[in-house]
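Asks: Line by line, the protein sequences are chains A and B. So in our numbering the end of the first sequence lands on 387, straight run, no missing numbers. So in our numbering the end of the second sequence lands on 387, straight run, no missing numbers.
Among these hints, one or two may not hold up.
The list treats identical chains as interchangeable, and a pair is accepted whether it falls inside one copy or across any two copies.
Said to hold, decoys possible - Quick list of in silico lysine to aspartate or glutamate cross-link-like pairs, DMTMM-like style, CA-CA up to 20 angstroms:
hint: 1; residue 1: K295; residue 2: E191
hint: 2; residue 1: K73; residue 2: D210
hint: 3; residue 1: K148; residue 2: E169
hint: 4; residue 1: K315; residue 2: E64
hint: 5; residue 1: K315; residue 2: E151
hint: 6; residue 1: K295; residue 2: E151
hint: 7; residue 1: K284; residue 2: E79
hint: 8; residue 1: K58; residue 2: E191
hint: 9; residue 1: K317; residue 2: E191
hint: 10; residue 1: K91; residue 2: E386
hint: 11; residue 1: K73; residue 2: E342
hint: 12; residue 1: K376; residue 2: E66
hint: 13; residue 1: K91; residue 2: E326
hint: 14; residue 1: K58; residue 2: E383
hint: 15; residue 1: K58; residue 2: E133
hint: 16; residue 1: K315; residue 2: E5
hint: 17; residue 1: K58; residue 2: E5
hint: 18; residue 1: K295; residue 2: E386
hint: 19; residue 1: K91; residue 2: E382
hint: 20; residue 1: K148; residue 2: E386
For the record, the hints were derived by calculation from the structure and aren't laboratory data. Fair warning: this is a prediction, and the values are worked out from it, not measured in the lab.
2 protein chains.
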Amino acid sequence: MLLPELKQRRDKIRVLMAQQGIDAALFTCNTNLIYTYGRVISGYLYLPLNAPARLFVKRPNNIEGEHIFSIRKPEQLPELIQQSELPMPRKLMLEGDELSYTEYSRLAACFPDSEVLPCGTSLIRQARSVKTEMEIEMFRRSGIAHAKAYEQIPSVYTPGMTDRQLSIEIERLMRLEGCLGIFRVFGRSMEIFMGSLLAGDNAAAPSPYDFALGGEGLDPSLPGGVNGTLLQPGQSFMVDLGGNFYGYMGDMSRVFSIGRLPEQAYAAHQTCLEIQAEVTALAKPGAVCEDLYQKAIEIVTKAGFADYFMGTVQKAKFIGHGIGLEINEAPVIAPRIKQELEPGMVFALEPKIVLPTIGPVGIENSWAVTAEGVEKLTLCQEEIIEL
Amino acid sequence: MLLPELKQRRDKIRVLMAQQGIDAALFTCNTNLIYTYGRVISGYLYLPLNAPARLFVKRPNNIEGEHIFSIRKPEQLPELIQQSELPMPRKLMLEGDELSYTEYSRLAACFPDSEVLPCGTSLIRQARSVKTEMEIEMFRRSGIAHAKAYEQIPSVYTPGMTDRQLSIEIERLMRLEGCLGIFRVFGRSMEIFMGSLLAGDNAAAPSPYDFALGGEGLDPSLPGGVNGTLLQPGQSFMVDLGGNFYGYMGDMSRVFSIGRLPEQAYAAHQTCLEIQAEVTALAKPGAVCEDLYQKAIEIVTKAGFADYFMGTVQKAKFIGHGIGLEINEAPVIAPRIKQELEPGMVFALEPKIVLPTIGPVGIENSWAVTAEGVEKLTLCQEEIIEL
Numbered sequence: 001m002l003l004p005e006l007k008q009r010r011d012k013i014r015v016l017m018a019q020q021g022i023d024a025a026l027f028t029c030n031t032n033l034i035y036t037y038g039r040v041i042s043g044y045l046y047l048p049l050n051a052p053a054r055l056f057v058k059r060p061n062n063i064e065g066e067h068i069f070s071i072r073k074p075e076q077l078p079e080l081i082q083q084s085e086l087p088m089p090r091k092l093m094l095e096g097d098e099l100s101y102t103e104y105s106r107l108a109a110c111f112p113d114s115e116v117l118p119c120g121t122s123l124i125r126q127a128r129s130v131k132t133e134m135e136i137e138m139f140r141r142s143g144i145a146h147a148k149a150y151e152q153i154p155s156v157y158t159p160g161m162t163d164r165q166l167s168i169e170i171e172r173l174m175r176l177e178g179c180l181g182i183f184r185v186f187g188r189s190m191e192i193f194m195g196s197l198l199a200g201d202n203a204a205a206p207s208p209y210d211f212a213l214g215g216e217g218l219d220p221s222l223p224g225g226v227n228g229t230l231l232q233p234g235q236s237f238m239v240d241l242g243g244n245f246y247g248y249m250g251d252m253s254r255v256f257s258i259g260r261l262p263e264q265a266y267a268a269h270q271t272c273l274e275i276q277a278e279v280t281a282l283a284k285p286g287a288v289c290e291d292l293y294q295k296a297i298e299i300v301t302k303a304g305f306a307d308y309f310m311g312t313v314q315k316a317k318f319i320g321h322g323i324g325l326e327i328n329e330a331p332v333i334a335p336r337i338k339q340e341l342e343p344g345m346v347f348a349l350e351p352k353i354v355l356p357t358i359g360p361v362g363i364e365n366s367w368a369v370t371a372e373g374v375e376k377l378t379l380c381q382e383e384i385i386e387l
Numbered sequence: 001m002l003l004p005e006l007k008q009r010r011d012k013i014r015v016l017m018a019q020q021g022i023d024a025a026l027f028t029c030n031t032n033l034i035y036t037y038g039r040v041i042s043g044y045l046y047l048p049l050n051a052p053a054r055l056f057v058k059r060p061n062n063i064e065g066e067h068i069f070s071i072r073k074p075e076q077l078p079e080l081i082q083q084s085e086l087p088m089p090r091k092l093m094l095e096g097d098e099l100s101y102t103e104y105s106r107l108a109a110c111f112p113d114s115e116v117l118p119c120g121t122s123l124i125r126q127a128r129s130v131k132t133e134m135e136i137e138m139f140r141r142s143g144i145a146h147a148k149a150y151e152q153i154p155s156v157y158t159p160g161m162t163d164r165q166l167s168i169e170i171e172r173l174m175r176l177e178g179c180l181g182i183f184r185v186f187g188r189s190m191e192i193f194m195g196s197l198l199a200g201d202n203a204a205a206p207s208p209y210d211f212a213l214g215g216e217g218l219d220p221s222l223p224g225g226v227n228g229t230l231l232q233p234g235q236s237f238m239v240d241l242g243g244n245f246y247g248y249m250g251d252m253s254r255v256f257s258i259g260r261l262p263e264q265a266y267a268a269h270q271t272c273l274e275i276q277a278e279v280t281a282l283a284k285p286g287a288v289c290e291d292l293y294q295k296a297i298e299i300v301t302k303a304g305f306a307d308y309f310m311g312t313v314q315k316a317k318f319i320g321h322g323i324g325l326e327i328n329e330a331p332v333i334a335p336r337i338k339q340e341l342e343p344g345m346v347f348a349l350e351p352k353i354v355l356p357t358i359g360p361v362g363i364e365n366s367w368a369v370t371a372e373g374v375e376k377l378t379l380c381q382e383e384i385i386e387l
C-alpha cells in the first residue's frame, strides 16, 4: 500500500494518542496490521508518537525494507526498539479488547518500566471509524462486485431448492466476483460463515447474537443461517452476505420471493424502504445516531409493523452499524447512542421486518457520510425480486 | 446432545481441575461451550468441581431447562451462582488464552474473593485432546463426507482454469456434502477461509503462519492460498480444505496433476506415503511425538528430499497436529515435543514436499489413536490424481 495512505492512517491514530498522553502503540492483531501496514503479517507494528513506525516480523520471512526488523519472540521487543534508536515508551497502549489475557500479559511484561494501557483497541477503532478516501473507494468497488453477484441470483435458483442449496450457489457467485470469503467481526464470540440466507419462518429463529434475523443453522456448533428449509411459494427470503472483496466488509441485503407474496409483505417492504429514505435524508455530519434510530421506530410504528421490526421472537437493538475492516465498527445506530455522524464514516443501514409464515422483508445498504449527506455504496435493485 | 456424553466431557475437565485444586471453571468461548454444552450460545457455562454445571444464557432467548438461567451481564454471575445454591469458588479458572484482556479482567472482577487463574484454556484443551467415542465417530462421518467431496474434484476441473476458479468449485462441493464452512483455529492470528488449494510455485510462497505450504493469496488482507495462478500442464496442486461437517475439523490433503509430472514428483510423493506408513506404524499409545517427527526426517533425508520437506522458502516446524473442534489441538508432532500419544487422541499427519517449478506433493490424513495403534479416518485415493 502507498506510504502516504499509511502515514495518513497512522497520523490519525497519533492524534488520538497525543490527546491521551500516550507515546507509543503496539499493534499485532490482523485488522490493525492491515490498517497500519496494509497487510497481514505475524509480528508487531510499533507506532511511536513522534517517529516513524517500526515493523517487527516473525513471518513471512521475505519482508524487508526501511524500519523493518526480524523478530522471533516478543521478549526481543525492547532490544529491537533500542536498536532502532527509539526511547522506551513511557505510556504504551496495547490492543486490550483483542489480545488474549495471556498474550497481553506477556507483552506488558516486556515493558516493565512503562505504563501499559489496554486502550489500543478502542483508540484504533475510533481512528478506523472515519475512513480515508482510499478506504471509501474500496467500499465503492466492493459495492459494485457485491451487486454484480446479487444480480445473478435469479439465474442460479431452481424450484424445489432448499435454502442451503441456494445459499451455496450464491456463495459461489460471490467468490467468483472476487469475495475473499473471510467474514471479520470485532469480538471473539460472533462466528459467521460468509453471511446468511434466511427464508420463511427460519428468519425468526433466535440466534446467540444481536441479529434482527437469526436462523437455526445446520448444526448446533454453528447456530444461525440456513436450516435446510424448502424455498416455498408465498414465502420470502433475504440474502445478506458479507461483501469482503478488498478487506472491507461491505454489507447489503436483498429480498426475494418464490412467486407472489401476500400484500402485507409488500407494505412491510415499502415501510423499510421509507425508513431507509427518511433516515438517510437525516444522515449527515452532526446527525445523532439515536435520532436516526428514533425516526425509524416512528415510521414503523405508524405503519403498524413495530412488533415485527428487527425480529420477532428476539429483536435486534439497532438499525445500523459502522462497517470497515470488520462488520461491526463505530458508529452504532441504536437507542441511547449520542455519537454524531462525521464525514468519512461508513455504515450499513438495515431496516428489516420479519413476517410470520411469510419471512423477512426490508433492505440493507452501505453508506458513506459525505460533507453534506450520505453516498450509497451498494447500488442494486431494491424491490422484492420475484423468482 | 445427550447428557451422558456431556457429563463424560465435563468430568474429564473436573479430573484435571481437582489435580490443581480448582473448584470451579467458567467457560464462555464458543469451542468450549460446544464441548461442554453441545452448542454455541452467548453466555456462560459454570462448572463446579462437585456439583452439576449451570448455564447462564444471554442469547438465544428460547433456551430453558434444569440448571439454566437467564443473564444480561457478567456482573450478575455471583448472584446467580448463589441463587442456584452453590458456594462462591475459592479457586476459579477462566479461559486466559482465549478471552480478551478486558473481558478476562471484567470477569475476574466479578469474583473479588476468589483466586482467579487463567489456566482454563490450557486445561480444557488438555481434556479436549483425548476424544470421546462420540467425538471420534463425528470424525469418521466427517472423513466420509470429506472424501466424497474430494472424489468429485476431477468432475469440476476444466482445462484453462485458474487455482482460484477450481478452488471455488471445490468449496462448493464441500458445502454440498455438508461442510459448515467455518474454519476454527486456536489463537487469534491465523485466519483461513475454508482451507487452501496450492498450485505450482505458489505453494512455496511464505505465509504469516507456520504452514508447510503458504500461498500468496488474492489480497494482502488475507495472505495465503490461491493467487490466480493458471493450472498448467506438468504442475501439481494440493487441495487441503478443512473438513468441518459436525463441528470437528477433519483434515485431509490430496494431490492432483495437470497431465503427467516429472518423475521426481512421483518419487517425492512416494517418499511422503512411506513417511505416512512408517510413522503411523510407530504411532500407538506411549509413542513420543518427537520420535515420530525424527522418523519422518530420517526417511526424507535418506530419500534426498530434505531441502523441500515441509516447504522450501519457509518451512513448517511440524509434520502433524492434533485436531478437534479446532484445527490446531494437542498433540503436536514436532521436534522436542516429549508428549506421548494416548488412546482417543486424534491427529492429522501431513508429510509434504514442495518441488520448485512443479508444485506440492505429499499426503495428509486424519488418524485416531486406538488401544493398539491408529485408525485412519479419511479414506480416499492417495496416489497423485492426474487430470
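Asks: Evaluate each hint against the coordinates.
Replies: Structure-based check of all given hints:
For the identical chains of this complex, K295 and E191 are neighbours neither inside a copy (31 angstroms) nor across copies (39 angstroms), given an alpha-carbon limit of 20 angstroms. In this assembly of identical chains, the alpha carbons of K73 and D210 lie at most 20 angstroms apart only when taken from different copies (14 angstroms versus 38 angstroms within one copy). For a Cα distance limit of 20 angstroms, the shortest separation of K148 from E169 qualifies both inside one copy, at 14 angstroms, and across copies, at 19 angstroms. With identical chains, the CA atoms of K315 and E64 are at most 20 angstroms apart between copies only, with a shortest distance of 19 angstroms across copies and 50 angstroms within one.
When the C-alpha separation of K315 and E151 is checked against a cutoff of 20 angstroms, the pair qualifies neither within a copy, at 29 angstroms, nor between copies, at 43 angstroms. Taking CA atoms no more than 20 angstroms apart as the test, K295 paired with E151 passes in neither setting, with 30 angstroms inside one copy and 55 angstroms between copies. In this homomeric assembly, K284 and E79 never come within 20 angstroms of each other (Cα to Cα): the closest approach is 48 angstroms inside a single copy and 44 angstroms across copies. In this homomeric assembly, K58 and E191 come within 20 angstroms of each other (Cα to Cα) only across copies, at 16 angstroms, whereas the closest approach inside a single copy is 27 angstroms.
For a Cα distance limit of 20 angstroms, the shortest separation of K317 from E191 inside one copy, 19 angstroms, qualifies, whereas the shortest one across copies, 29 angstroms, does not. When the C-alpha separation of K91 and E386 is checked against a cutoff of 20 angstroms, the pair qualifies neither within a copy, at 59 angstroms, nor between copies, at 59 angstroms. With identical chains, the CA atoms of K73 and E342 are never at most 20 angstroms apart, being 40 angstroms at best within one copy and 31 angstroms at best between copies. Neither within a single protomer nor between protomers do K376 and E66 lie at most 20 angstroms apart by alpha-carbon distance, with minima of 39 angstroms and 49 angstroms respectively.
For a Cα distance limit of 20 angstroms, the shortest separation of K91 from E326 qualifies neither inside one copy, at 27 angstroms, nor across copies, at 36 angstroms. Taking identical chains as interchangeable, the C-alpha atoms of K58 and E383 are never at most 20 angstroms apart, the minima being 50 angstroms within one chain and 35 angstroms between chains. Taking the closest pair of Cα atoms, K58 and E133 never come within 20 angstroms of each other, the shortest separation being 31 angstroms inside a single copy and 39 angstroms across copies. For a Cα distance limit of 20 angstroms, the shortest separation of K315 from E5 qualifies neither inside one copy, at 40 angstroms, nor across copies, at 33 angstroms.
In this assembly of identical chains, the alpha carbons of K58 and E5 never lie at most 20 angstroms apart, being 24 angstroms within a copy and 41 angstroms across copies at closest. Taking the shortest alpha-carbon separations for K295 and E386, neither the intra-copy value of 29 angstroms nor the inter-copy value of 62 angstroms comes in at or below 20 angstroms. For a Cα distance limit of 20 angstroms, the shortest separation of K91 from E382 qualifies neither inside one copy, at 50 angstroms, nor across copies, at 56 angstroms. Within a single copy, K148 and E386 get their C-alpha atoms as close as 18 angstroms, which meets the 20 angstroms cut-off; across copies the closest is 35 angstroms, which misses it.
Hint violations for this structure: numbers 1, 5, 6, 7, 10, 11, 12, 13, 14, 15, 16, 17, 18, 19, all remaining hints satisfied.
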